[in-house]
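8 protein chains.
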Amino acid sequence: MTPAAAARAIADAPMEQLGFATLDHQRALRTGVPEVVFGPGKTTSDLVAIASRLYARNGLVLVTRASPEGSEALLRAFPHARRYERSGIVVLRRRRLRLRGRVLVVCAGTSDLPVAEEAAVTAETLGSRVEQVSDVGVAGLHRLLAHRARLRDARVVVVVAGLEGALPSVVGGLVDRPVIAVPTSVGYGAHFGGLAPLLAMLNSCAPGITVVNVNNGFGAGYAAHLVNVGGRAPARRKPKG
Amino acid sequence: MTPAAAARAIADAPMEQLGFATLDHQRALRTGVPEVVFGPGKTTSDLVAIASRLYARNGLVLVTRASPEGSEALLRAFPHARRYERSGIVVLRRRRLRLRGRVLVVCAGTSDLPVAEEAAVTAETLGSRVEQVSDVGVAGLHRLLAHRARLRDARVVVVVAGLEGALPSVVGGLVDRPVIAVPTSVGYGAHFGGLAPLLAMLNSCAPGITVVNVNNGFGAGYAAHLVNVGGRAPARRKPKG
Amino acid sequence: MTPAAAARAIADAPMEQLGFATLDHQRALRTGVPEVVFGPGKTTSDLVAIASRLYARNGLVLVTRASPEGSEALLRAFPHARRYERSGIVVLRRRRLRLRGRVLVVCAGTSDLPVAEEAAVTAETLGSRVEQVSDVGVAGLHRLLAHRARLRDARVVVVVAGLEGALPSVVGGLVDRPVIAVPTSVGYGAHFGGLAPLLAMLNSCAPGITVVNVNNGFGAGYAAHLVNVGGRAPARRKPKG
Amino acid sequence: MTPAAAARAIADAPMEQLGFATLDHQRALRTGVPEVVFGPGKTTSDLVAIASRLYARNGLVLVTRASPEGSEALLRAFPHARRYERSGIVVLRRRRLRLRGRVLVVCAGTSDLPVAEEAAVTAETLGSRVEQVSDVGVAGLHRLLAHRARLRDARVVVVVAGLEGALPSVVGGLVDRPVIAVPTSVGYGAHFGGLAPLLAMLNSCAPGITVVNVNNGFGAGYAAHLVNVGGRAPARRKPKG
Amino acid sequence: MTPAAAARAIADAPMEQLGFATLDHQRALRTGVPEVVFGPGKTTSDLVAIASRLYARNGLVLVTRASPEGSEALLRAFPHARRYERSGIVVLRRRRLRLRGRVLVVCAGTSDLPVAEEAAVTAETLGSRVEQVSDVGVAGLHRLLAHRARLRDARVVVVVAGLEGALPSVVGGLVDRPVIAVPTSVGYGAHFGGLAPLLAMLNSCAPGITVVNVNNGFGAGYAAHLVNVGGRAPARRKPKG
Amino acid sequence: MTPAAAARAIADAPMEQLGFATLDHQRALRTGVPEVVFGPGKTTSDLVAIASRLYARNGLVLVTRASPEGSEALLRAFPHARRYERSGIVVLRRRRLRLRGRVLVVCAGTSDLPVAEEAAVTAETLGSRVEQVSDVGVAGLHRLLAHRARLRDARVVVVVAGLEGALPSVVGGLVDRPVIAVPTSVGYGAHFGGLAPLLAMLNSCAPGITVVNVNNGFGAGYAAHLVNVGGRAPARRKPKG
Amino acid sequence: MTPAAAARAIADAPMEQLGFATLDHQRALRTGVPEVVFGPGKTTSDLVAIASRLYARNGLVLVTRASPEGSEALLRAFPHARRYERSGIVVLRRRRLRLRGRVLVVCAGTSDLPVAEEAAVTAETLGSRVEQVSDVGVAGLHRLLAHRARLRDARVVVVVAGLEGALPSVVGGLVDRPVIAVPTSVGYGAHFGGLAPLLAMLNSCAPGITVVNVNNGFGAGYAAHLVNVGGRAPARRKPKG
Amino acid sequence: MTPAAAARAIADAPMEQLGFATLDHQRALRTGVPEVVFGPGKTTSDLVAIASRLYARNGLVLVTRASPEGSEALLRAFPHARRYERSGIVVLRRRRLRLRGRVLVVCAGTSDLPVAEEAAVTAETLGSRVEQVSDVGVAGLHRLLAHRARLRDARVVVVVAGLEGALPSVVGGLVDRPVIAVPTSVGYGAHFGGLAPLLAMLNSCAPGITVVNVNNGFGAGYAAHLVNVGGRAPARRKPKG
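Chains as they are written, first to last, in the numbering used here: chain A, 1 to 241; chain B, 1001 to 1241; chain C, 2001 to 2241; chain D, 3001 to 3241; chain E, 4001 to 4241; chain F, 5001 to 5241; chain G, 6001 to 6241; chain H, 7001 to 7241.
It should be emphasised that the hints constitute simulated quantities derived from the structure, not laboratory data.
Hints are supplied without guarantee of correctness; some may be wrong.
What the hints assert, rightly or not - Coverage of chain G stretches by chain D, computed from C-beta distances (three or more under 8 Å per stretch; other residues unrestricted):
1) 6040-6046
2) 6189-6197
3) 6210-6221
Where a beta carbon is used, it is the ideal one built from N, C-alpha and C, also for glycine.
Excised from the complex, chain A in its bound form (with noise of 0.2 Å):
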């Protein structure tokens, strides 16, 4: 393909202007996942606006972070949706993707539970097989390595923490697969919100650590599940038909 056809590709592209919104229809072609919809700041009324498009055009619909008042608005346009009540994660889907791989979501305390739903969540969605271990911080690693044999058949590993976010380079150590971290903002005082567990997570001493926002539940998930696949998602073939 040469440069001029692929700026055509792009260019032609289908999208959809909502006025407040300018909705990428192309995506799911060119990514392999539909635009995803981030809660914060949109209206209720913009959000189920928003999510009919995506749905009609798609088959599939992932709202992050939605308010209570969003998620219930959602909820009743579309009473098949389901919400999660620990991440205000809400999920449309016109039909059940056959579940793929493996990924295993890891969690260092209760605290970090919220953003560990959001990423098994997210990567469900999209098609991956998830499995969740939670409450394993480093200072009683002996509940860590009761769980050796999950860690080892993962595809890819989401390792959730907060405080000094020390659980990423542990599992780092103990498996060959790729460990994607994410700090939490669970902590106080010099935990600046997130920033302690950011920084240990990116200066990790095990080779291999690829990081993630603080809570950034859903890229991690986002991430994992392309791994997981391979690169390319069922997601964009399936929910197409």
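Go by the hints and put chains B, C, D, E, F, G and H onto chain A.
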């Protein structure tokens, strides 16, 4: 496997005491890749001693950021070693691996080349097929669009950028593959040694992007290799022979 | 003009003491635009009193970030005033200006709209013709490329973006006009309330980009107007009549 | 023009592969100014090679922050090139442009002169008429007031200041022209390498001030030129002949 | 006086244990001013109890940043106390002092008035004659120049400013008196709650400027009083009678 | 003990899965103190369930920073539990320990009392004899010197201070015992929520001072107890009976 | 005096253009002290030229932080000049002033001596009588208490401290005089080049402390002189004769 | 003891004026350990003079971070002094102490050895028995588990780590002894010279961990010694004989 069995496997692992260092020979078994040597802060004689022991055991040694004296000493001791000039990485290996898959390393400017080289050499040394695209920053988009076919063919894309670090977001919007972003320290003033692109990459509007530390080409190449080969590194099984 | 004459011109300038405020009525003469009122931290009665004096003198009042109570009081006192809902800006003017030139205000996401509106209303109130393009973030480049003709026709482009703040660099690579970049606080975690896009914009690889404070749509609209009309604001000469 | 046509125009743009660099020859067409070369991090031979290709194509080369070795090599290769001592900028051009408009570059102290020179040389090289006023910091206001006529005659004012960076606010209160503020790293202690004046300028109480990165005289001069000539640079049309 | 005698004087100093507080009654002897009460974090009953004991002993109580409940309780317990509305400072004193010298408190904008009031009330309560000049920010220099005679007549000038904090530098260039600069938290975005003007004031190009913490009107008024009266506070000798 | 035996001991350790939590019952054996419950981010029912299980197993539960609802639920479920009002710590224990040694908790101001209480209650609950000295900040040295005998008699001193955090340095110069410094968030402006005293304490000129996180009274009390009893906590052996 | 007259006085003030510098000869009239020369960033010939002009006009020149080459050139040009070794300050004066009042400069450690010397020499050069007390950090309080009589006799105290910067708080609690605190860069790690003591001093619990920039002995000495002589500097009237 | 008696004891304490230094000879009486000399910023002759006086008085001198010239001068002046190469610490002592207790110094990587040595030498010089375990970072847990018996036998554990600083949390979960964590500056990029592990250690999920400044092996060794010997240092009583 019970927790006790898992823990036993860990604790009985072979290691070697050099006095100033504790070599983790079991690492290759556990994670698929032997220990890598971080050059800074090690004396010339330490470097050669460590490299000798690791080479004898694993047939593969990777030394990153070797000083000129350090790499000269390594090249004298191991005449078949190879030093890469831009990045200062030194590689010793008993046999070449058959390269698999496809990792694409993209960089925004020519000043980012040392970091891009570190990523490319790391991934290739571990057994991945690697291609590079250079100097395609976002201020001249057509330079990137010209390589769209190569972007599509890679299993994972490493994107290296300094200054504002915008390139990973643009690449992430074009491909359906995992994107690993590497901020570099190329910049000045309010760049704060790489903080600016690091924050940009962590806040990317394109989902699925994961990030490594500033200038950490090694970490990005390592992670990209794990993603490329589906987790388990062939390096583990090959060089043992 | 000698320094002494210049200084005399400054020192004899008209001002008006309100006790809690010192109104700079000479400002319109000196800079072409009357004083603008920053809403936060002023009581309702202060706001109305200041607006009354400025209106009487200049025929044009711009109040930014008015609180709900503040803008209601202004609307009661000046029934012909107009409040813009997203940005909270309130405008009073005796007569409409004939709009000149062309300012284009581009924003990356729907959450950036309040800041974009503040920029657009400011520039238009001062006498510039303004157009807006919304929700064209860099993760879907075709949405921006579709507006290339409008980019080319503007005399100055204001680019509003949160998250990683990459959009100004891409726009700056496409046009031969001054680009004014506005970072927004849209984001979370390592976004640090707009620090991430602020740093990105200050380090842009596209030359000619200048930057204003986080969420400072007013400042960007004001500067864009000055650029658009060749410096001197028509607002100065018109509303005096 | 349709999006597809726009994208085609982008993708068919001429570029030139030098292996270590991808020259964007279309840049002059697209933005009115050819690519500018950032000196740091490039080898002497790279610099000369890049400058040769750009010169052959555009007849105009601007190299910023060239090292002593780099600029000597450039001067050997291009005997008619000119190096400016304070700022280290090197200029090659086939023919002098006819200078237009008026850009005023003001600096607060003698230590800010290198940055002021970079701004002035950049704007003049691109085709703007430039004047300079130096050492007029706010602790001795009469030094600035003595130049009030020149402030009034400029189409755009670049204000360069280190320490507390107060000068742009004072200038912004005196003129009805766009003011571009450049913080410098002149200072110590809690100056943090230019952070103090950068923050001051971003928070200026005088509206219409836009800001560039610390010590970025080049960026300020480039933006000032675009404003001065009404956006489109004459440099684009002239040196092609 | 020998060290031992000095230490004895310290150690035998009177203090009073309230259980939750250790009142330093010797402070007035040692430093010329009785202990001042910082309101935040103290319960209503604590506030009243502490004020009662200090009043009985020193005849002078200053409570800063009292909460609405706290100051109401104080006003009920001490009907002759006075609360200043903008700053929340509460003053109890047995007798008015004869005011001495002259402290000038200048502020840049109306939003800085609460901090300016805290400074003015503190200095006056301790026995200084105080004048105020308000809303004379540097974007309209003539407003400040109109007060030049008052600047010249003061023994010490307190300058309160938010946003970029440029006013102290301009004042410092006009007077031959000590200037005490107070940054305020008035601003947004890259203001970081007062960090921007704090850094600006610490880096002022006008010599002789000293700085206090953000919003610390009390500290500035206290220091200004000490400077104004030549160090030793008359408050110490007067209210004892 | 061989590594394998050590690892077995770790891996066979008892733990209890509550679904949302993994209780580390072996902790008391391993470290001498049972798991402590960090209140924030846990639901009321979670808190009660976790406390019940830990109490049944260890006879000692410490819940820090319980919300009002959380501590009420705990008090309903365990009528003999005790809640400390200032710090919000809740303690359940089957039997009182015989207190040993001597820990002195010193605080600089009354606003630091909540953190000092958290430290004192923690150390006492674990089995240390604790004394407190309050409101002895460095601006009135004689208040501290009056307690010099108690400083000398303690085995370890916890020093709690906000504002500039100078007290640990002064105490550290007076005693020959370990000093544990706790910065608090008491302050404003350039205090940055405790960063100022944290940095001060880390840079203390008095040797032997160690530091915990901002407001971390619990951590300081825990460490002080370990030092006081010579490492091994009696709590471990007592409540098992 | 009317505003117009004030402005005229400013604008007619004498100044001298050196091309690279604009000397503010009116400064001595306006503020009581002639311009001071900040050494860094000026060439040797610039330094000598500026010093010559200032000396001819005012009979007093103070150059701070002169480089070794710069101060040698000054000493060659002005054989009667004096260079102070620790601080690098160079002083030229036509006649010695009669010293007045009393400034006490206290420093915490021997490493702080260069900054203390800069403060002491500045104040003395301007006409203040200065005493120094050195190496009396808070970890050994008796060293400071031994000098209590000198603390009491000073009109103003400059306190210089690195590390945690606690000394000003202790001094401020002992005296009834203005205290000017100077943080130094003496420290390492989490000292961040003086940030730790700077923050500590800004947050001091002792009221009346004002602060200057890190290592700014000059500014502290200048301000102390103004306080010591009651504002107006004798230096202004003396050396003119 | 009354406060007055306590204060007298402080004020009559012996000290020695060296002009540039005030030696605190009473320190050994007051705190059990003589003054320690911080090498940086002291001239060679200062170092020797201070060491001579301290040695004569206390029979024990510890100089940290001596420059090569400084330590050579010390070794010439005191031929029996000992210099430790990695850390640059120099020790002079009249007689060896009988070592007591057991301090364990653990470090994560070979690059952390200089800091670990500083801690070990400090504690041993003061009279503690010290053991070291090196290069046992968390990415290879079995290396640490192999030393579990030694961890259990120590009275206090010093843990030195750079990069992400995770090791103290893992050690803290394994032992029932006080753990003193030392972050090091080993790392790059978003490590910020040790900030990353410093924050991690302050936020550790393992209770009882206290922290010292970056690279402050001396402080950690000093504190560990105080803990190890139960507070009072034998060094105080021994070397006086």
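Go through the numbered hints given earlier and state which of them the structure violates, listing their numbers in rising order. none
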